[in-house]
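S.K.: Using UniProt numbering, read the first sequence as starting at 1 and increasing by one per residue.
It is worth saying that the hints were derived from the structure and are not from the lab.
No residue lacks a Cβ here, since even glycine has one placed at the ideal position from N, Cα and C.
Among the clues, some could well be false.
[Unchecked claim] Estimated spans, in silico, between C-beta atoms of each pair:
#1 144 - 243: 37 to 45 Å
#2 383 - 328: 44 to 52 Å
#3 255 - 146: 37 to 45 Å
[Unchecked claim] Computed list of lysine-lysine pairs in DSSO-like fashion (alpha-carbon distance at most 30 Å, straight line):
#4 647 - 601
#5 270 - 361
#6 237 - 289
#7 791 - 647
#8 353 - 285
#9 289 - 270
#10 317 - 246
#11 601 - 571
#12 499 - 374
#13 229 - 317
#14 309 - 285
#15 791 - 809
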Amino acid sequence: MTIPKEYDPHIIEPKWRDSWDMSMYHFNWKDNSRPQFIIDTPPPYPTGNFHIGNSLNWCYIDFVARYKRMCGFNVMFPQGWDCHGLPTEVKVEEIHGITKNEVPREEFRNMCRELTVGNIEKMRQTMLNLGFSTDWSNEFVTMEPEYYSKTQRSFRQMYDMGRLYQSEHPVNWCPRCETAIAFAEVEYDARETKLNFLHFDGLEIATTRPELLAACVAVVINPEDDRYKQHIGSTVKVPLFGHEVKVIGDEAVDPSFGTGVVMICTFGDKQDVRWWLEHGLPLRKAIDKQGLMTEIAGKYKGMTIPECKQAIIEDLKNEGYLYEQKSLDQNVGMCWRCSTPIEILSERQWFIKIPNDEIAKAANEIEWLPEYMKVRLDNWNNTMEWDWCISRQRLFATPIPVWYCKECGEAMVAKEEWMPIDPTTQQPPEACKCGCTEFEAEEDVLDTWMDSSITALHVSGWLTDHEMRLPTQLRPQGHDIIRTWAFYTILRSMAIQGKRPWDSILINGMVLGEDGHKMSKSLGNVISPEEVIKDYSADSFRQWAAIGGSPGSDVMFRWKDVVSASRFFAKMWSIYRFSMSHLEEYEHSEIDASELKVVDKWLLSNLNRLIASVTDSMEKYQFDEAFKAVRGFTWDVLADNYIELVKARLYGEDEAGKKASRYTLYVAIDALSRMLAPFAPFFAEEMFSRIGDGSVHVQAWPEVCDSLIDEDVEKSGEFIKEIASNVRRYKSEHGMALNAPLEKIEIYGSLDDLTDVLGATNSPVEMIDGEPDFEHVPVNVKPNMGMIGPKFRGQAKAIINALTEANPKKIADELATGKVVVEVDGQTIELEPECVEIEKEVVSAGRAVDVLDISGVPVVIIR
RNA sequence: GGGCCCGUGGUCUAGCCGGUUAUGACAUCGCCUUUACACGGCGGGGGUCAUGAGUUCGAAUCUCAUCGGGCCCA
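Modelling step: build the complete structure from the supplied sequences, incorporating the hints.
M.R.: Right under this line is the structure:
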């Protein structure tokens with residue numbers, strides 16, 4: 001068996017990637033004998049670039065999927081693509097040098113489709129390169145008819161339930177994109193603006209939005225405000241425009257802000273909407289969908305909002321209405337996509353009702369990891385004031401399956417059996433209730449979250465022949481989309497199936513660049529996973545993902561983590577190559593514990609503890625903890641100690657000893673390849689390929705064998721290890737070669753088996769009963785805080801002082817008689833022997849020797 | 001303005017339902033070719049655990065305040 005000296009991931013990784021039969025990762029819909037573990041994978045937006053943030057999240061998912069599969073679960077790790085959206089429309093316009101209105105609707109959609117197909121392919125490739133165990137038999141693409149017909153059917157079902165309705169209602173509107181947007185799509189930015197103070201027909205008001213004077217429908221003051229309360233019920237004339245508006249009272253007005261008088265416009269901000277609804281005020285639309293002033297703005301008609309603002313301020317000044325301006329810091333709501341300040345317009349739109357209690361209840365049934373992330377959802381849920389606006393004025397999206405009768409205007413919502421359907425190209429197969437067969441299509445489309453909020457339903461087999469498997473077991477996602485994707489998915493799952501979408505939600509952090517800032521193109525700190533694979537390897541990238549931070553916290557990308565990951569693989573490879581060279585003629589079979597030496601049992605005891613702790617960490621999704629444990633064991637226990645200790649046996653003539661060490665090595669390599677499999681699928685596969693049959697990825701996760709965990713064995717093993725490493729250090733300090741023989745080593749203790757000590761020190765070793773020919777001089781008294789503290793409470797400090805100040809020799813003598821006595825504040829206190837420990841120094845008595853103290857046992861070295 | 005998270009050697013981090021000398025990695029310094037590995041081994045230096053107060057016999061750990069950083073929301 002020839003094993004190359006160096007591990008070359010650029011050969012090994014493509015080899016396995018191209019030869020793996022991916023059907024081993026397929027979910028079995030018919031199998032009910034194994035527990036299911038369905039993952040509601042986030043469908044990424046197909047930008048064509050599977051970035052490092054996606055990759056971190058997918059690494060977490062893959063660790064879980066592979067681990068659960070090895071533990072015997074029927075795992076589904078599906079892959080979806082959330083295709084619809086504005087960024088693709090913008091990109092297509094850019095690529096083809098057109099605007100979307102210049103080509104027919106269908107042609108434009110096809111261009112978007114084509115671009116998306118290509119982008120998906122690029123991202124798939126990166127995912128394969130990273131070694132994810134994706135179940136490609138359960139891939140879904142939201143722009144495909146099979147998927148979006150489900151989006152449309154969910155629309156119909158929720159319409160029938162009365163959870164979905166159409167209405168004229170204020171919506172957030174982006175005048176640049178010319179579309180309604182949801183609150184989740186509004187971002188806030190601090191800006192400085194001017195607060196304008198106006199004479200307002202006998203009152204003084206302060207406003208940041210004088211351009212909306214034409215839309216003013218009332219003036220409001222606090223009813224407790226003695227300065228103004230007599231005005232309530234009267235009317236005032238709006239400056240410049242002259243229409244009369246009511247003066248009303250409302251406690252929400254802060255008398256200390258501005259003048260204490262506020263004008264209500266339809267609509268300047270969210271508060272205007274609240275007042276408008278509460279007081280039943282009229283509607284005056286001064287801004288149109290393009291963000292231009294309307295008819296009612298009179299001479300300002302057709303101006304943009306900033307133009308109008310400037311013109312009105314000029315006129316107010318000239319007419320003497322404006323008497324003061326003050327700077328004001330204000331947070332402006334903007335479109336998340338284009339940063340244009342949003343307006344609130346009243347438009348006919350489709351809405352989904354938000355059942356806050358139902359969502360809160362479902363959120364409580366879900367296990368949140370980390371737990372505090374649930375607070376973010378609760379906070380969001382508790383502050384929702386309007387329903388979810390689901391219609392968008394865009395093209396590349398799922399069509400709203402609705403027509404309006406040309407005769408009676410009645411909306412006809414398509415039946416489920418007609419779907420998928422595009423009302424703009426297809427007519428309903430039935431006449432309207434009024435008998436008319438002429439219809440006008442709904443041209444609006446659905447918010448993309450309408451597609452992606454049914455992923456949990458989709459992957460559970462909703463609307464298929466398969467058995468419905470909701471709830472899924474795990475939703476892995478970033479904390480940035482809790483208020484969108486998590487929120488909407490819970491809402492839809494509860495509405496349509498009356499069940500929570502998942503048992504658990506695992507929140508991952510964001511990836512930060514090496515400078516500690518969030519990765520962004522403008523900061524120039526972007527690293528692509530492909531770059532890391534090319535320079536190091538996919539397994540090294542995955543190892544960074546595992547140990548870079550714990551799930552939930554933001555993780556910094558650091559090249560040195562990748563470097564140290566690749567060093568670990570070099571080390572592991574070296575261990576593996578060494579082990580395999582000794583396992584060439586080895587046939588594995590179970591052997592009796594009595595055939596094993598202390599050092600073998602010590603290794604196996606440690607190995608089983610490792611399995612227990614790694615399993616525990618994996619169950620808690622603590623990947624960093626799990627991998628660090630594997631790494632620590634491999635490097636410190638196996639390589640630096642076990643292998644050094646058993647070399648003599650492996651190279652020696654004693655067949656029994658050789659067999660025991662080979663057995664132990666084999667067991668360790670086997671268990672390590674399995675525990676590495678979720679993290680480093682390529683490396684683990686290469687390891688396993690020479691010791692087992694089939695892929696490591698269809699093997700069982702190692703089980704803990706409790707009978708092998710033995711504290712006495714660990715103590716003896718540790719003792720041998722300590723002797724070997726102390727002797728090694730001794731030689732190093734004395735400038736001796738590490739394999740140079742010493743004249744003799746005397747151990748004044750008890751050990752059953754000296755084989756490995758002999759081997760590791762390459763020197764004659766003698767075990768001697770009784771005390772050595774040296775003097776033990778007590779040099780220090782160490783009080784045991786853990787014993788003294790709880791027992792003596794307030795006196796503990798004084799006792800500790802008395803002990804440390806006492807003559808160590810005296811205390812040691814007392815200890816020999818069984819009790820230690822100290823004087824504290826004139827009081828005599830008797831301490832149990834456990835309360836005190838004596839540090840001793842072994843003093844040489846004339847011989848030319850060196851003495852090592854190894855866990856209290858004197859070891860004498862004769863050079 | 002409200003809420004959440006976080007401050008531990010030069011850098012990043014573990015510990016955080018209190019208990020002797022604070023974990024590990026990277027970096028740094030010194031020594032070593034040793035029948036797996038120099039991408040290695042052995043050893044060293046480096047920390048008032050953000051600051052201040054409190055609880056306690058005892059605080060990195062619990063409480064409060066202050067300062068600093070980040071995130072979410074209004």
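S.K.: Each of the hints needs a verdict: does it hold here or not?
M.R.: Checked hints:
no. : hint                  : in the structure
1   : 144 - 243: 37 to 45 Å : 53 Å, violated
2   : 383 - 328: 44 to 52 Å : 23 Å, violated
3   : 255 - 146: 37 to 45 Å : 60 Å, violated
4   : 647 - 601             : 16 Å, holds
5   : 270 - 361             : 27 Å, holds
6   : 237 - 289             : 27 Å, holds
7   : 791 - 647             : 49 Å, violated
8   : 353 - 285             : 25 Å, holds
9   : 289 - 270             : 18 Å, holds
10  : 317 - 246             : 24 Å, holds
11  : 601 - 571             : 23 Å, holds
12  : 499 - 374             : 18 Å, holds
13  : 229 - 317             : 28 Å, holds
14  : 309 - 285             : 16 Å, holds
15  : 791 - 809             : 25 Å, holds
In terms of the numbered hints stated before, the structure departs from hints 1, 2, 3 and 7, listed from lowest to highest.
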